[in-house]
Amino acid sequence: MNRISLLTDFGLDDNFVGVMKAVILKINPRAQIVDLCHQVKPHDIFSAAFLLGSAAQYFPRGTVHLAVVDPGVGSKRKAIVVQTKNNFFVGPDNGVLSLALRREKILKIIEIRNPKYFLKPVSHTFHGRDIFAPVSAHLSRRAAIENFGRRLNSYKKIVLPNIKVNTRTLTGEIIYQDGFGNLISNIDKKVFRNFVKKDKFKIYIKNRVIDRVSESYSQVCPLQPLAIFDSFDFLEIAVNSGSAAKLLKTKKGATIKIVRKTAG
Amino acid sequence: MNRISLLTDFGLDDNFVGVMKAVILKINPRAQIVDLCHQVKPHDIFSAAFLLGSAAQYFPRGTVHLAVVDPGVGSKRKAIVVQTKNNFFVGPDNGVLSLALRREKILKIIEIRNPKYFLKPVSHTFHGRDIFAPVSAHLSRRAAIENFGRRLNSYKKIVLPNIKVNTRTLTGEIIYQDGFGNLISNIDKKVFRNFVKKDKFKIYIKNRVIDRVSESYSQVCPLQPLAIFDSFDFLEIAVNSGSAAKLLKTKKGATIKIVRKTAG
Amino acid sequence: MNRISLLTDFGLDDNFVGVMKAVILKINPRAQIVDLCHQVKPHDIFSAAFLLGSAAQYFPRGTVHLAVVDPGVGSKRKAIVVQTKNNFFVGPDNGVLSLALRREKILKIIEIRNPKYFLKPVSHTFHGRDIFAPVSAHLSRRAAIENFGRRLNSYKKIVLPNIKVNTRTLTGEIIYQDGFGNLISNIDKKVFRNFVKKDKFKIYIKNRVIDRVSESYSQVCPLQPLAIFDSFDFLEIAVNSGSAAKLLKTKKGATIKIVRKTAG
Chain A
0 MNRISLLTDF GLDDNFVGVM KAVILKINPR AQIVDLCHQV KPHDIFSAAF LLGSAAQYFP
60 RGTVHLAVVD PGVGSKRKAI VVQTKNNFFV GPDNGVLSLA LRREKILKII EIRNPKYFLK
120 PVSHTFHGRD IFAPVSAHLS RRAAIENFGR RLNSYKKIVL PNIKVNTRTL TGEIIYQDGF
180 GNLISNIDKK VFRNFVKKDK FKIYIKNRVI DRVSESYSQV CPLQPLAIFD SFDFLEIAVN
240 SGSAAKLLKT KKGATIKIVR KTAG
Chain B
0 MNRISLLTDF GLDDNFVGVM KAVILKINPR AQIVDLCHQV KPHDIFSAAF LLGSAAQYFP
60 RGTVHLAVVD PGVGSKRKAI VVQTKNNFFV GPDNGVLSLA LRREKILKII EIRNPKYFLK
120 PVSHTFHGRD IFAPVSAHLS RRAAIENFGR RLNSYKKIVL PNIKVNTRTL TGEIIYQDGF
180 GNLISNIDKK VFRNFVKKDK FKIYIKNRVI DRVSESYSQV CPLQPLAIFD SFDFLEIAVN
240 SGSAAKLLKT KKGATIKIVR KTAG
Chain C
0 MNRISLLTDF GLDDNFVGVM KAVILKINPR AQIVDLCHQV KPHDIFSAAF LLGSAAQYFP
60 RGTVHLAVVD PGVGSKRKAI VVQTKNNFFV GPDNGVLSLA LRREKILKII EIRNPKYFLK
120 PVSHTFHGRD IFAPVSAHLS RRAAIENFGR RLNSYKKIVL PNIKVNTRTL TGEIIYQDGF
180 GNLISNIDKK VFRNFVKKDK FKIYIKNRVI DRVSESYSQV CPLQPLAIFD SFDFLEIAVN
240 SGSAAKLLKT KKGATIKIVR KTAG
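Chains as they are written, first to last, in numbering that gives the first Met the number 0: chain A, 0 to 263; chain B, 0 to 263; chain C, 0 to 263.
Chain copies aren't distinguished; within one or between two, either way the pair holds.
Distance condition first, Cα-Cα at most 27 Å in a straight line; then the derived DSSO-like pairs of lysine-lysine:
{"id": "1", "residue 1": "LYS163", "residue 2": "LYS196"}
{"id": "2", "residue 1": "LYS156", "residue 2": "LYS77"}
{"id": "3", "residue 1": "LYS119", "residue 2": "LYS197"}
{"id": "4", "residue 1": "LYS40", "residue 2": "LYS248"}
{"id": "5", "residue 1": "LYS189", "residue 2": "LYS205"}
{"id": "6", "residue 1": "LYS77", "residue 2": "LYS155"}
{"id": "7", "residue 1": "LYS40", "residue 2": "LYS245"}
{"id": "8", "residue 1": "LYS188", "residue 2": "LYS75"}
{"id": "9", "residue 1": "LYS250", "residue 2": "LYS40"}
{"id": "10", "residue 1": "LYS163", "residue 2": "LYS250"}
{"id": "11", "residue 1": "LYS40", "residue 2": "LYS251"}
The set of hints was computed from the structure by calculation and includes no laboratory data.
Just chain A, same shape as in the assembly (with noise of 0.2 Å):
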């Protein structure tokens, strides 16, 4: 216990995510608290669920991970703690938290009403300080779940986009970019093998063609694009010593297709 994972789209030009570290430690002291990210583009729930989703199972057990990307700060929109066998999740009821649920066995869903807990007048605005932040730290002073408020059944899912598989062509799209250019996909290397399998293969993506998933950036010259499984197990395509993103002139939200040779 007493470690807290920090992910917000707070930025850091302001004093929001010192203020709520202020908050956390005033309440406990011995509050380890780790910056998971806090650059995730203003309102932009599906990033931070990818971020919070392929990183929380780095952290030790027993971590508190605090999630608050709240478009809906201030309307009615529920605020939840979920725990899991291993760890506590906090944030708005957005499917902020989805994507690292995905991964965790669920024990039980709270939603957050008890103002016992809270840091009192509560804004309209800054939740973040005013009810995440406390209740976080009560967490990681292992004050029980139950206390926070009533048992729901269910929380608010995100998914990721559908992949699309015929019998020649699986069809995906680019999910995330990262801060190097690298345009992160939602096939991963499971789905990816039971569909290739020991075929030839090509990845289309904007007007380029690649006809192989590298093992290192550096198996392609430089400047050049390639595909690769990304930390995470995703596919990703990338350039070496670039950015695919500027390359390929292509964002979030693009088609990438895998055709192979022969219909499976």
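Dock chains B and C against the given chain A, drawing on the hints supplied.
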């Protein structure tokens, strides 16, 4: 003790912040350093003062607040430590501490002069590393404040721009723009309520008129402007799911007027 | 021990740095991680080496310095740990550690090869997470350096660009531009003083001439350029309350000349 908040305009592109932390930890290995913000616009003392002033109250008692926005580094500006009833404040005496100090009961002001506590040789360009970090680290280990130098009777104050009030109009100013493009004015909730009372009113900013104060961003349609009390109780002009600064093409320094229906 | 400094070119827009910290804390829950910088320009080994080289001396003894700027990840470049009299250095063997190592007494160089210490499966694109973070975490728990692999006799060095000296002229180069737009040259205080001695001199950069070294930015008028020894004792071209890079429209790689009045 042991807790130090850190606010600078050093940005995160260099090693300046990391080096300050190294110096602190060399003196006090138990120091718990919380980044308040490092992306203050270079030399923008007012914004730094605003960020520290609105954040300091959320930290645990006994925090050492270190603020290094120091365009006069190496000149004759003083360096000070201020002990208040609850906390310590360290920085150049250029006003950067003053908005936070307005909320505190001041006990002692000391001009930092004792080279015993400095990292030597003291550079002319990086007192954050050579003077402020070591002094803060020693303070966080409970060094007596008198050790650092001689007693002063006052410190440099910066003030929020004045609010002008006449019978029907209150005129304020945008004093801060946050990373979401929200425009924060110098009109706080108390001043606003005393002026408006139960009367109807209109808020004028740029070429827009807003006739109520919302309770949450989502009370107006997406991309519409609204007025709201921000999380630190200042009147803020915002845009639901957007940037007020962009939509209104306005920024820090802009005039904001409240006109009430009947003369007060 | 327990202290780890972290330098990468991963930026702060993704979860890479957070994931590395998670991996470290899973192995050593007491690790105290200090961010040195994460916004090194992607693949800019020289700048990273410069930032680590100028910062490492300020950390407490026994720090594990981890630097991951690794354009060759997944290729055959080596991964190394270097034990010096005072510290440990971990990273790819591409020169990123070498400017820091110049200041240290080297005891042992080990090529990291023992998969026992890796996070498995080891990806081809993120050795920061799978190799360097776990090795650093184990080191910070006092694992013996010999455990990680086999002894090497040398490591890859990068060098500062040469300074050319003739009877009256010393020619150097801008090697780093910091976030304030200050231009740092490869001419250090000792070299400068040995060359100039007590003679008069002129400093030429772009179309500007500067005839003295200032002691503080404020010794010249606002927006005027000046020369000053930076906080790490390199000769720096700066602008009082402004950006030298912008004013002089120049950058890394630019030539800087010192001409003294009389032949030496």
